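Q: The residues making up each chain are set out below.
There are 2 protein chains.
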Amino acid sequence: MSFKKIGAEDITFFKSVTNHVFTDTEQLNRCASDETEDLHYLPEVVMQPSSVEEVSKIMKYCNEHMIPVTPRGAGTGLSGGALPVNGGVVLDMKRFDKILNLDKRNLQITTEPGVITQNLQEYVKAEGLFYPPDPASKGSCFIGGNVSENSGGPKAVKYGVVKDYVLNIEMVLPGGEVIWTGANVLKNATGYNLTQLVVGSEGTLGVITKIVLRLIPAVKHDMLMLVPFRSSVEACKAVNAIFLAGFTPSALEFMERDALVWSMKFTKATGIKLPEDIVAHLLIEVDGNDTDVLYKDVEAISAIVQQFDIDEVLFADSNEQKQTLWNLRRKVGEAVKSNSVYKEEDTVVPRAELPELLRIVKEIGKKYGFQSVCYGHAGDGNLHVNIVKGDMSEEDWNNKLPQGIRELFTEVVHLGGTISGEHGIGLVQKPYMDIAFTSIQLKIMKQIKNIFDPNDILNPGKIF
Amino acid sequence: MSFKKIGAEDITFFKSVTNHVFTDTEQLNRCASDETEDLHYLPEVVMQPSSVEEVSKIMKYCNEHMIPVTPRGAGTGLSGGALPVNGGVVLDMKRFDKILNLDKRNLQITTEPGVITQNLQEYVKAEGLFYPPDPASKGSCFIGGNVSENSGGPKAVKYGVVKDYVLNIEMVLPGGEVIWTGANVLKNATGYNLTQLVVGSEGTLGVITKIVLRLIPAVKHDMLMLVPFRSSVEACKAVNAIFLAGFTPSALEFMERDALVWSMKFTKATGIKLPEDIVAHLLIEVDGNDTDVLYKDVEAISAIVQQFDIDEVLFADSNEQKQTLWNLRRKVGEAVKSNSVYKEEDTVVPRAELPELLRIVKEIGKKYGFQSVCYGHAGDGNLHVNIVKGDMSEEDWNNKLPQGIRELFTEVVHLGGTISGEHGIGLVQKPYMDIAFTSIQLKIMKQIKNIFDPNDILNPGKIF
Numbered sequence: 003m004s005f006k007k008i009g010a011e012d013i014t015f016f017k018s019v020t021n022h023v024f025t026d027t028e029q030l031n032r033c034a035s036d037e038t039e040d041l042h043y044l045p046e047v048v049m050q051p052s053s054v055e056e057v058s059k060i061m062k063y064c065n066e067h068m069i070p071v072t073p074r075g076a077g078t079g080l081s082g083g084a085l086p087v088n089g090g091v092v093l094d095m096k097r098f099d100k101i102l103n104l105d106k107r108n109l110q111i112t113t114e115p116g117v118i119t120q121n122l123q124e125y126v127k128a129e130g131l132f133y134p135p136d137p138a139s140k141g142s143c144f145i146g147g148n149v150s151e152n153s154g155g156p157k158a159v160k161y162g163v164v165k166d167y168v169l170n171i172e173m174v175l176p177g178g179e180v181i182w183t184g185a186n187v188l189k190n191a192t193g194y195n196l197t198q199l200v201v202g203s204e205g206t207l208g209v210i211t212k213i214v215l216r217l218i219p220a221v222k223h224d225m226l227m228l229v230p231f232r233s234s235v236e237a238c239k240a241v242n243a244i245f246l247a248g249f250t251p252s253a254l255e256f257m258e259r260d261a262l263v264w265s266m267k268f269t270k271a272t273g274i275k276l277p278e279d280i281v282a283h284l285l286i287e288v289d290g291n292d293t294d295v296l297y298k299d300v301e302a303i304s305a306i307v308q309q310f311d312i313d314e315v316l317f318a319d320s321n322e323q324k325q326t327l328w329n330l331r332r333k334v335g336e337a338v339k340s341n342s343v344y345k346e347e348d349t350v351v352p353r354a355e356l357p358e359l360l361r362i363v364k365e366i367g368k369k370y371g372f373q374s375v376c377y378g379h380a381g382d383g384n385l386h387v388n389i390v391k392g393d394m395s396e397e398d399w400n401n402k403l404p405q406g407i408r409e410l411f412t413e414v415v416h417l418g419g420t421i422s423g424e425h426g427i428g429l430v431q432k433p434y435m436d437i438a439f440t441s442i443q444l445k446i447m448k449q450i451k452n453i454f455d456p457n458d459i460l461n462p463g464k465i466f
Numbered sequence: 003m004s005f006k007k008i009g010a011e012d013i014t015f016f017k018s019v020t021n022h023v024f025t026d027t028e029q030l031n032r033c034a035s036d037e038t039e040d041l042h043y044l045p046e047v048v049m050q051p052s053s054v055e056e057v058s059k060i061m062k063y064c065n066e067h068m069i070p071v072t073p074r075g076a077g078t079g080l081s082g083g084a085l086p087v088n089g090g091v092v093l094d095m096k097r098f099d100k101i102l103n104l105d106k107r108n109l110q111i112t113t114e115p116g117v118i119t120q121n122l123q124e125y126v127k128a129e130g131l132f133y134p135p136d137p138a139s140k141g142s143c144f145i146g147g148n149v150s151e152n153s154g155g156p157k158a159v160k161y162g163v164v165k166d167y168v169l170n171i172e173m174v175l176p177g178g179e180v181i182w183t184g185a186n187v188l189k190n191a192t193g194y195n196l197t198q199l200v201v202g203s204e205g206t207l208g209v210i211t212k213i214v215l216r217l218i219p220a221v222k223h224d225m226l227m228l229v230p231f232r233s234s235v236e237a238c239k240a241v242n243a244i245f246l247a248g249f250t251p252s253a254l255e256f257m258e259r260d261a262l263v264w265s266m267k268f269t270k271a272t273g274i275k276l277p278e279d280i281v282a283h284l285l286i287e288v289d290g291n292d293t294d295v296l297y298k299d300v301e302a303i304s305a306i307v308q309q310f311d312i313d314e315v316l317f318a319d320s321n322e323q324k325q326t327l328w329n330l331r332r333k334v335g336e337a338v339k340s341n342s343v344y345k346e347e348d349t350v351v352p353r354a355e356l357p358e359l360l361r362i363v364k365e366i367g368k369k370y371g372f373q374s375v376c377y378g379h380a381g382d383g384n385l386h387v388n389i390v391k392g393d394m395s396e397e398d399w400n401n402k403l404p405q406g407i408r409e410l411f412t413e414v415v416h417l418g419g420t421i422s423g424e425h426g427i428g429l430v431q432k433p434y435m436d437i438a439f440t441s442i443q444l445k446i447m448k449q450i451k452n453i454f455d456p457n458d459i460l461n462p463g464k465i466f
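First to last, the sequence lines map onto chains A and B. For the first sequence, this note's numbering assigns the number 3 to the initial residue and increments by one for each residue that follows. For the second sequence, this note's numbering assigns the number 3 to the initial residue and increments by one for each residue that follows.
For the record, the hints were derived by calculation from the structure and aren't laboratory data. Careful: at least some of the hints might be erroneous.
Copies of the same chain are indistinguishable here, so a pair counts whether it falls within one copy or spans any two.
[Unchecked claim] Calculated cross-link-like contacts (lysine to any residue; reagent style SDA-like; alpha-carbon spacing at most 20 Å):
| # | residue 1 | residue 2 |
| --- | --- | --- |
| 1 | Lys59 | Asp105 |
| 2 | Lys127 | Ala243 |
| 3 | Lys127 | Thr250 |
| 4 | Lys59 | Lys369 |
| 5 | Lys369 | Ser395 |
| 6 | Lys298 | His223 |
| 7 | Lys402 | Gly371 |
| 8 | Lys448 | Gly177 |
| 9 | Lys222 | Phe132 |
| 10 | Lys448 | Leu296 |
| 11 | Lys369 | Lys402 |
| 12 | Lys160 | Gly130 |
| 13 | Lys222 | Phe249 |
| 14 | Lys270 | Gly177 |
| 15 | Lys445 | Asn65 |
| 16 | Lys445 | Val180 |
| 17 | Lys17 | Pro277 |
| 18 | Lys106 | Thr250 |
| 19 | Lys239 | Lys275 |
| 20 | Lys127 | Ala247 |
| 21 | Lys222 | Asp289 |
| 22 | Lys364 | Gly392 |
| 23 | Lys59 | Pro277 |
| 24 | Lys222 | Thr250 |
All values reported here derive from a predicted model rather than from experimental measurement.
Take the sequences, apply the hints, and build the full model.
A: This is the structure:
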């Protein structure tokens, strides 16, 4: 591939399309990073279009002139999907920030991609409705980024991930054409499912400009408990016991001791006892419309976890305490980041294989000399493995560690799992795609990419 | 395209692959039809392979020799997807009839495609688990056909359609290569979603040989009621009122009077009163694990429907009565078929548009001179419009009616809907694809087909 460097004539064209064309250092630097490690790739120009027509004109021009375009949401991604690794244009979607239509009669919402996920959640909640998927970064991430990465979050265990809520997507193809991927319906057996092909495609097939989501009725009540375990493997086993007893909690999160300790320090949380012998916690939430049923569920789940080697269960007795506990869980990622250089692996396995996965992580850590802090959505079998650099040498970090990660992912795939549950492949997991897929599968995916983007100008260098 | 006629040398090869090669009239005739109208297309040979290796060898050979191959499940399809419209081979999957592994620890099942859906449901139910999607033909249809059509059924309104349960698919590509489409995990952000591309692709991208489905804990109780309305539009409005009040029934089915009358006659059902002024019914089911909550739900839903113009609600008070009511609903399709030549349109719109859709169906019927019997999954906005030939002339049926259907589908798309909710496009809805999709969308889909099947030998003549 040979991309064109952006010149004065290109800038002139871009300025004829939108007033929001930036080449100043501050804007270029802002769009050079996301939340992935400490990676930094400068774009040549940043644009903030605000209409589908503007996006279409920009894409058509860039496609004709072989200028790479990287779409960007809020920059909260953890796999480097929004990094302009080939320079060129960053298409910053922050001005696509309008909720277009809440269709209460049909329990659907049409939104632009630059709306912050939490704002969208609160908007529909005020109308008695519920949009469940919310990544840890819900207060800053964009819904468009969530769709691009097929994000999950703690509610996924009961309510599903983003793909389970997207009905229809408007997007601009690299050639400038605008299409809708489906229809605004709950059931659809009409042609190939382009909607599901675009969800999770990490901005490589088109630029998302509108999203139609299905909503569900709001849930009235929830209850939260924190269960301290004396063994991580026991904690993972308890996760499965809860499901086998017929319960589906609305969240079922796992945290190793270090994850909680670091997050407590980072958030300056108080009031959580942490005895010496506790090595892991489960954060368990149930929700529903009938408090009697919820009390029964909580009681039954308590009885189940009592069969394992646990300390005293903490039941959140106020909204404030719920907030504190959830904040602790949500801030683990940032806490680890503030503590050390790190790499985050987004492993996912069939739920019952979690104890074995955790054992393998620690074993490989010993072999390659790295510490890890593990936490995540245990109810989905989705374990975030944060590998901290600590006092590992630069040499080992750069050259030996990738072998360890490769070994870890190979074991994950042996367990029936795969290499990303919700963060996407983006840039940083790309070297490991051959572990998850055969050459035939990869060839099919590349051919699909080629249909949408024959010149490979849209988010090039990602996934493959 | 120019396909090869099958000759003696081909049969010799096929017999070297499997003992189950048939060219007798009985087998050819059996595979010449499905449940779609009275269509009949003879294949040249029927094969019943029983291993992925056999399927692979057959596909490779047919691909090299340009012999068309039509995969066939139980032949219960309603859009002609299994009809060998170009002759050639019918790949009858009935010997792929084994449930391979029920993984209780992970709430997953791996099955071959030729397992009857109801058998699979009962198999997992015996272990305390639940696989919800069951089309009306559940007693005879195959799970592989359900995956190919992205089938729905009455439980979809609460539990989702087939696509919401498929985790991973093993399939043979037209060139003979064998791939898995994904991983056995609940969350997956690794590459493009090939699994969701294959679900609903109507046997045009590959031959499905294994399916991994997620399961959920079994639900302990359900309650059923039949609500008679004096206006069809009122019945449709009641559907939406139930959702807006925050309830998600486990089934919410609509039947016009004729649908019920014909089905009562067909099933020889007794004990259902049908006063003269009743024109439509809703069949409403709620389910859950707590009977107190269910009674409350039933009471609340009763209060909601009382606000509309209804007669006395029938609450099913025994399992036998539930069976009778469900049987009536499930047999409507067969009852209509036994009564008259007919065409079934599988319209789907955003739920709140149902009353308008029903009005439009009747208006277009008047204009084009056809009667229609409407019923279906009202909770999903999925209305089956059975157009009965009655005393319409052959000339009008063949030449005028397609214009009426075109007008109907155009209105459906205007309402935000599409032309198939759960039956697929197959052969009979193919002429209407330009109403649902633009030429760009269709071009993308055809290019995807071309990636998987460059010689267009797998189920040719379908969808496009």
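Q: Work down the list of hints and note, for each, if the structure agrees.
A: Hints and how they fare:
1. Lys59 with Asp105: Classified as neither: same-chain Cα gap 30 Å, cross-chain 51 Å, threshold 20 Å.
2. Lys127 with Ala243: between (32 Å within a copy, 19 Å between copies)
3. Lys127 with Thr250: Classified as between: cross-chain Cα gap 17 Å, same-chain 22 Å, threshold 20 Å.
4. Lys59 with Lys369: Neither, since 53 Å and 44 Å both go past 20 Å.
5. Lys369 with Ser395: Within one copy only: 15 Å inside a chain, 80 Å across chains, cut-off 20 Å.
6. Lys298 with His223: So lysine 298 and histidine 223 pass the 20 Å test inside a copy (13 Å) and across (17 Å) alike.
7. Lys402 with Gly371: The answer is within: 9 Å in one copy meets 20 Å, while 76 Å across copies does not.
8. Lys448 with Gly177: The answer is both: 18 Å in one copy and 18 Å across copies each meet 20 Å.
9. Lys222 with Phe132: Within. Shortest intra-copy distance 10 Å satisfies the 20 Å Cα cut-off; inter-copy 26 Å does not.
10. Lys448 with Leu296: Intra 47 Å, inter 50 Å, cutoff 20 Å: neither.
11. Lys369 with Lys402: Intra 10 Å, inter 75 Å, cutoff 20 Å: intra-copy only.
12. Lys160 with Gly130: both (19 Å within a copy, 18 Å between copies)
13. Lys222 with Phe249: both (18 Å within a copy, 12 Å between copies)
14. Lys270 with Gly177: neither (50 Å within a copy, 60 Å between copies)
15. Lys445 with Asn65: Intra 23 Å, inter 19 Å, cutoff 20 Å: inter-copy only.
16. Lys445 with Val180: between (26 Å within a copy, 13 Å between copies)
17. Lys17 with Pro277: Intra 61 Å, inter 71 Å, cutoff 20 Å: neither.
18. Lys106 with Thr250: The answer is between: 15 Å across copies meets 20 Å, while 27 Å in one copy does not.
19. Lys239 with Lys275: Result: close neither inside a copy nor across copies, 23 Å intra and 54 Å inter.
20. Lys127 with Ala247: between (31 Å within a copy, 14 Å between copies)
21. Lys222 with Asp289: both (8 Å within a copy, 19 Å between copies)
22. Lys364 with Gly392: within (15 Å within a copy, 72 Å between copies)
23. Lys59 with Pro277: neither (60 Å within a copy, 62 Å between copies)
24. Lys222 with Thr250: Both: 17 Å inside a chain and 14 Å across chains, each within 20 Å.
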